[in-house]
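These protein sequence lines map, in sequence, to chains A and B.
When you line the first sequence up against the numbering used here, it's residues 291 to 722, in that order.
When you line the second sequence up against the numbering used here, it's residues 184 to 403, in that order.
Wrong hints could be hidden among the right ones.
DSS-like mimics (lysine-lysine), calculated; alpha carbons at most 25 angstroms apart, straight line [as the list claims (entries may be wrong)]: (1) LYS492(A) - LYS272(B); (2) LYS557(A) - LYS579(A); (3) LYS370(A) - LYS412(A); (4) LYS681(A) - LYS654(A); (5) LYS329(A) - LYS609(A); (6) LYS491(A) - LYS272(B).
Per label pair, the in silico range of CB-to-CB distance [claimed, not checked]: (7) GLY256(B) - LYS711(A): 17 to 27 angstroms; (8) GLY350(B) - GLU476(A): 48 to 58 angstroms; (9) LYS557(A) - GLU278(B): 28 to 38 angstroms; (10) GLU476(A) - THR215(B): 15 to 25 angstroms; (11) SER210(B) - THR469(A): 12 to 22 angstroms.
No lab work stands behind these hints: they were computed from the structure.
Ideal Cβ positions, reconstructed from N, Cα and C, are used throughout, including at glycine.
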Amino acid sequence: MPTISRKSTAVAAALLLAASFGAAADETCNSPYVGSLIKGQEDFVYVWTLGIEGLGDGSDKLITIDVKPSSKTYGKVIHKVSVGSRGEAHHMGLTDDRRFLWAGGLDDSKIYVFDISKAPAKPRLVQTISDLPAKTGYVGPHTFYALPGRMLIGSLSNSNDGGGVTGMALFNNKGKLLTTYPLPAEGGGDGYGYDIAINPKKNVLLTSSFTGKKNYMRDLGDLVKDQEAMKHFGATLVVWDLKQMKPQKVLSVPGAPLEMRWSLKAKDNWAVTAAALTSKLWLVKQDAKGEWQGQAVADIGDPAKLPLPVDISITADGKGLWINTFMDGKTRYFDLSNPEKPVQAYEKITGKQVNMISQSWDGKRVYVTSSLLAHWDKTGDDGEQFLRAFKWDGKELTPAFEVDFLKEKLGRAHHMKLGSKALKLAFQDAGH
Amino acid sequence: MPAISALALGVVLAAAGAGVEEAALPSPGSYTLQHIMPSPEGNVLDTKGKRVRLSRFTSGKVTLLSLIYTRCGDGTGCPLATHQMQQLKGRLDAEPGMNGRVRFVSLSFDPANDTPEVMRAYGARYLPNASGLPWHFLTTSSRAGIRPLLEGFGQDVWMRADGSGDGALPHVLKIFLIDRLGSVREIYSTSFLRPPVLLNDIRTLLMEERSAPASVRAAR
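Isolated chain A (complex conformation):
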């Protein structure tokens, strides 16, 4: 168990200017093709939770929290599915039809497929894919991005040296591996991977870059003292031809660009990403000649204090962006009305450490969780683990409820997805 205080973490992090952090993806973006099917008040929040040795069963688990205000169990954990082992649970993604939730472990490289269609409150583990490294050479399945009938998985590392050179693996929705796509390690590319973001009408796929397993599984206190290791963080964003699945251009984005979001507004064709170490917000769009370019457009907090932006969530109209900064525990809201000049409009300390952030489909509620990585989380009194729900009226975040993941013996709360029971399958047998 790493022991690193908030103060020492901040000091240590201040020693480095060439590293990065990890985070996740947000609900409004990761199931981008079925937005019109479900709207309004969500019923559940699923939380992919890292097990903690000695806490409960110690295993990674998928938690269901009832978030419907009129429910008798509002704000309570109503279901949990333990996967029976601890493998650094991190991110998950819905299939294109929202019937299945794929979740990955950064340490054991296992991929778990949960059925959420038949009983949305009670996800059921229906498949475990354990041979990703053996079949692809990639480890650390991170981003799960739905394509029609398929799941594109972006990894963080490789089984050869545990470094950051990695790639993407394409599965069909039944769990069969179709092919792999290595991240470009030449022509300006560093070969590193992190997030995936697709714009079908522009035939463009973007990938961002983080670091390899030997860094993200290492105690943060040790890592930041290792100058050689700290050189091995991503500094690129790759523009791909989506149909060809071939890299077209490598953009230089220093400081580990993590989550990426295309504007969800129909006619917009720009994306944003936050570079963790440099604490800058970047805009990706075409120039007058049609060339894709990256441009730093705003600071997130005071970069000199290394607030470490770790997750973002874009509003449905593309005019606002939530950003969590891990070190200072702040949840920030940026006005994106002019994406060339984003302006911070609001901030609030929502925890001693905050990582993931997901807003509701209607933008009226915001959910925040606490864990970054098992070996990078704060400890002691600063090592709180939670999901906190807030109401957002456009001006102020008001606490709605909180689930204490340590008190409930659950683990470290990481990635979230929203669930609904508004629909039920018309053909119950047409499943996985």
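Assemble chain B onto chain A, guided by the hints.
Quick look at chain B alone, frame taken from chain A:
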């Protein structure tokens, strides 16, 4: 006539068209379409009510197959799919040699309403004459008949849990591109349903056939 709002469909079509000209698409044959999954097998009914194996309509030619229901009123769903296929058919019919190599299929997942007669009438609206490449409008005899096909294609079909919705069957629009050997090679949901892309993908499969070794072509 399905309760589709002409305005809604118009908005969707306009949105679908926006930016297509700007997107730089790779040329046909310059990319590989993955073998996503085999096309499922099962019994279907043609417009005369004759029971036929689905594979008769998913092999031997490049096939574009949509799963629909005729009562669908979602402007981003079945009406969009059928309209786009109609437009695409016009393009393909203008190209020599397509007739014998490409077919379209619209298969209903609502057998309770979509009888062979209903499918024939539905098809007649989009296919006023029989010229050009074939377009088959199929259904099944029962929910038990469509169920394995939905499972095989990975097609979701929902209903409102509270019973509202007037019997609507919300689903993710999916059109399947299937090669001569019955392998699903591409799937288009609303965001990906762009005629220039479909046209290129069909041409890519046809080019793939031409470049296949003679022994493989003979086997087909």
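Comparing the hints with the structure gives:
In summary, the hint linking LYS492(A) to LYS272(B) is supported, as the alpha carbons are separated by about 24 angstroms, within the 25 angstroms threshold. Between LYS557(A) and LYS579(A) the alpha-carbon distance is near 18 angstroms, which keeps this suggested pair within the 25 angstroms criterion. Distance check on the hinted pair: LYS370(A) and LYS412(A) sit about 8 angstroms apart at the alpha-carbon level, within 25 angstroms; holds. The hinted pair formed by LYS681(A) and LYS654(A) meets the criterion: a straight-line CA distance of about 6 angstroms does not exceed 25 angstroms.
For the proposed pair LYS329(A) and LYS609(A), the alpha carbon gap of about 19 angstroms is at most 25 angstroms, so the pair holds. Distance hint between LYS491(A) and LYS272(B) is fulfilled; the C-alpha atoms sit about 21 angstroms from each other, no more than 25 angstroms. The supplied range of 17 to 27 angstroms is met by GLY256(B) and LYS711(A), whose beta-carbon atoms lie about 23 angstroms from each other. Look at GLY350(B) against GLU476(A): about 56 angstroms separates their beta carbons, and that is inside 48 to 58 angstroms.
In this structure, LYS557(A) and GLU278(B) meet the distance hint of 28 to 38 angstroms, their C-beta atoms being roughly 32 angstroms apart. Roughly 21 angstroms separates the CB atoms of GLU476(A) and THR215(B), a value that falls within the hinted 15 to 25 angstroms. Separated by about 21 angstroms at the C-beta atoms, SER210(B) and THR469(A) satisfy the suggested range of 12 to 22 angstroms.
In this structure, every one of the numbered hints holds.
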